[in-house]
Amino acid sequence: MKSLKLISIRSFLATLILSIGGSMASAAELRYVSGAVGNAIEVFQTLVKPWEEATGHSVTLVPMPASTTDQFGQYRLWLAAGNADIDLYQTDVIWAPQLADQFIDLTEHAQDLSPLHFPSIIESQTVDGKLVALPIFTDAPALYYRKDLLEKHGQPVPSTWEQLTEVAQIVQDAERSEGNDDIWGFVWQGNAYEGLTCDALEWVKSFGGGQIVEPDGTISINNPQAIAALELASTWPGTISPPGVLAYQEEEARGVWQTGNAVFMRNWPYAYSLGNGDDSAVKGLFDVTTLPTGGGHDTSAATLGGWNVAVSKYSENQEAAISLARYLAGPEAQKTRTLVASNLPTIISLYEDEDIAREQPIIPRWKDVFLQAVPRPSAPTKIKYNEVSAKFWSAVHNTLSGDGSAAENLELLEFELEELKGSGW
Amino acid sequence: MTRTPWEWTKLIGFYALVVVIVVISIFPFYYAILTSFKSGTAIFEINYFPVDFSVQNYITVMTGRNFVRSVINSVYISGFTVLLALFLAVTASYALSRVRFRGRSLLLITILGVSMFPQIAVLAGLFELIRFLGIYNTPWAMVLSYTIFTLPFTVWVLTTFMRDLPIEIEEAAIIDGATPWNIITKVFMPLLWPALVTTGLLAFIGAWNEFLFALTFTISETQRTVPVAIALLSGASEQEIPWGPIMAASVIVTVPLVILVLIFQRKIVAGLTAGGVKG
Amino acid sequence: MFDFSKELDLEAQRRRAAFYFLAPMIIALFCVAAWPLLRTIYFSFTDTSLTNLYGGEWIGFDNYLQRRELSSGRVIWRGTLVDPAWWNAVWNTVRFSVISVFFETVFGLGIALVLNAEFRGRGWVRAAILIPWAIPTIVSAKMWAWMLNDQFGIINDILVRIGILERGIAWTASIDTAMTAVLIVDIWKTTPFMALLCLAGLQMIPRDIYEAAKIDGVHPLKVFWKITLPLVRPALMVAVIFRMLDALRIFDLIYVLTPNSKATKTMSVISRENLIDFDKFAYGSAQSTLLFAIIAIFVSLYIWLGKVNLSGEGNQ
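Protein chains in written order, with our numbering: chain Z, 1 to 425; chain R, 426 to 704; chain V, 705 to 1020.
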């Protein structure tokens, strides 16, 4: 009763305001929550200014810590409690299926927009035919290598993981015999966390071992190629990679790399500009290429990262929020974002854009990396993705630290995943 | 005054012990200060003594969005948390330690039980409560929720201390016809200073450092507290961790606490008087 | 001598006052603790998920223990109580708590004894030892992660320089050292808390007792065992209980330092993982409830075995 009354009063007021304002739509004040890195807040303000001017609405950014796990926990809780204070959420590429029920369907609202984006990304944000979030920028890792060291020791840029292992060992040994004691061949992310799922998925996929759980939901991880991939990787810690690589996340790897103590590194695009900073020991001495392939397989793989925008179903200003989401995912905002923040766009045509090529010459080059991007199995495993990922990285971490062989651990993983899957994901 | 060699050894040994304790306590903090003055790649290098003296990290932090504001928020919230906890705890501990009534032990155990629940598990329920009370995104959300960890502890410590005070000091006041409130403020408070300052300080630090509630119960940047503000310091990209500014911010937020301790340490010493009454 | 009826009257008046004094605290604690706690216990008997917080249905003890019959007739048991990951977490938590609290108590008491002596610069030393406690946990955990790093960590550098280690070890990565790393950081961080509480207890001991003992020529060690320890014991017991409660619930330090290492995953960490990350809200609630129960048993045992005087009867 009470709520009914309230709604009628509210709608009455709304009509009143509308009639007073005539054709002018009432201005909404939106809140957009996002992990804030660097000058994200300033970038956001520049970005939304044209939209604010065009629509008369306004939007404030609610900044969150950079840790995606923390963000996910907070958003989960807020959405569960039906928090109406937040209208839009910036979501990680893997969250869509897990939060799908709490966001509105954007399929119709973005009918004209979605064909402009990479189809694989739109697909990753579609759950049971419902478009949960619109992509705003993307991310994919690459292989960083030291031009100077490879040249000095007459070694090629490796195109396979086997070759990388060999070259890294040769260069590392040669450098150490010259007194460079701190040098390591290859640094990557070996800590037991989501990042290891990314790294290991790349090894497995580029060995032709599938992508853990296939798009149709079959569990494919226990196969000879995947085992071969993990067996090769498990030889790295202690030989070409420091033993501590098993605790490395992105920053630890970059630390070793940027002080000039690594020949190869697997990392995200952010390390590129930092590595070319004035205080970097490797400034101008390195380059990037696509990640290697392995086991005789011919295509490499780079795990798909990136961020999207979703509209909360508890928002009281859905119309304005949808308009903002459309704007942020559109060509104009993506171009500005690329120019201002050097994020990788998700709209294909922007990789051919002249302004971008002039201002950010590195961006068109990431297109090659990006075309080989492989999504993590978040879409088929739906709400169980985090658990699947945790089981996968544990199995990989165990293998890498010598706790069981690759074959044993993957067999056990297959069993655990089957059990988790039950009658269906 | 001359000392025997044995006395000298004891003295030197004692001071050596003091030095070891101090070094272990402050070394990581010293290292944080050292790091806070470094910039760029220098952070990844090991130094034991200052090599760099760049205040850039401090400028970044202090001119950063709302950092100063969050320090003020933290002071305010922690201050009120301590006042609320001490007020509720002093009165409650008086009842628990000096008045005989049925179920006293049970009550004490229950209060203890409150601090047995993991923070993460009460989060959802607390969130509902705070929205129900309409204090979401205000400092009161934190002041209220922090009582969950400050209050049981404060009540217990004060109860233990009050119980140990001799009955005679109270008897005289009772015969004079003092009300219980007067007994607390006039008789016990002066004796309880060391315990009050100690528990108050620990409660303050607890509130000052709390992260999970502060993050969950605020959404405006202007309402956030220091640990959240530190967690919000970030590098230019998702994967980069800005060690320099984080260390600078930690130094900035730790200094007020050190000053607090220095101010109140005389009060901690004042425990001697309480002992005097007993002896 | 009191008049008997007057004394009764006075007692009644005191009891009434006691009630008014207790009421605000009880109300406050009921709101912030009892209510959320009861909610969580309720959730643990339902199939609630975070996607649908109010749509959970009662499923009894299934989150704890559930008997399932497969089509082949084989019987399997499911639930937290037969989950090896949970028992691993229980074992980690207990091990962590006992070791850390033991060292913290010993070091804390030692530091308190030092600080209780009179010497120059005592105020500064007292402020200095509080620094570890004053640094926010999320920061000190990150700081130590940095210092324990195998490549550019200063701890390894020191140990290599003084010849204890051949080559830097990856403290937080290796299963063998992860727990040690967490223990080192926790002991470093919380010893000041114990020291301060012990110090407050020591300060309540009258000086003349010591002077009398000194005049009588009693050995300092004997003074410690026979006078100091018994007198400081009540304060120490309370400090240990609270440290124990904190240690059994330990979350943030491990969450930042070694979030996914199975060697350090504690009950709080695993229950958060299920509550939030794995979308098994009810299952996580069951684990939180169990955590509560385990802590309650632990503390009761401690109070019972340690003969902690709760009501203070006999003291007055």
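Just so you know, these hints were derived from the structure itself, not from any lab. It is possible that some hints are incorrect.
[Stated by the list, open to error] Cross-link-like lysine-lysine pairs, in silico, DSS-like; alpha carbons within 30 Å at most:
#: 1; chain 1: V; residue 1: Lys930; chain 2: Z; residue 2: Lys391
#: 2; chain 1: Z; residue 1: Lys147; chain 2: Z; residue 2: Lys313
#: 3; chain 1: Z; residue 1: Lys147; chain 2: Z; residue 2: Lys421
#: 4; chain 1: V; residue 1: Lys926; chain 2: R; residue 2: Lys435
#: 5; chain 1: Z; residue 1: Lys283; chain 2: Z; residue 2: Lys421
#: 6; chain 1: Z; residue 1: Lys152; chain 2: Z; residue 2: Lys130
#: 7; chain 1: Z; residue 1: Lys49; chain 2: Z; residue 2: Lys367
#: 8; chain 1: V; residue 1: Lys1011; chain 2: R; residue 2: Lys435
#: 9; chain 1: Z; residue 1: Lys382; chain 2: V; residue 2: Lys966
#: 10; chain 1: Z; residue 1: Lys313; chain 2: Z; residue 2: Lys283
#: 11; chain 1: V; residue 1: Lys966; chain 2: R; residue 2: Lys435
#: 12; chain 1: Z; residue 1: Lys421; chain 2: V; residue 2: Lys966
Hint check:
1. V:Lys930 to Z:Lys391: Not OK: Lys930 of chain V and Lys391 of chain Z at ~55 Å, beyond 30 Å, violated.
2. Z:Lys147 to Z:Lys313: violated, 51 Å
3. Z:Lys147 to Z:Lys421: Distance ~46 Å between Lys147 of chain Z and Lys421 of chain Z Cα, so the pair is violated.
4. V:Lys926 to R:Lys435: holds, 18 Å
5. Z:Lys283 to Z:Lys421: violated, 48 Å
6. Z:Lys152 to Z:Lys130: Answer violated: Lys152 of chain Z to Lys130 of chain Z is near 54 Å, above 30 Å.
7. Z:Lys49 to Z:Lys367: holds, 29 Å
8. V:Lys1011 to R:Lys435: Not OK: Lys1011 of chain V and Lys435 of chain R at ~37 Å, beyond 30 Å, violated.
9. Z:Lys382 to V:Lys966: holds, 25 Å
10. Z:Lys313 to Z:Lys283: Not satisfied, since the Cα-Cα distance of roughly 47 Å exceeds 30 Å.
11. V:Lys966 to R:Lys435: It is violated: about 46 Å lies between the C-alpha atoms, which goes past 30 Å.
12. Z:Lys421 to V:Lys966: holds, 23 Å
In summary, the numbered hints that this structure violates are 1, 2, 3, 5, 6, 8, 10, 11.
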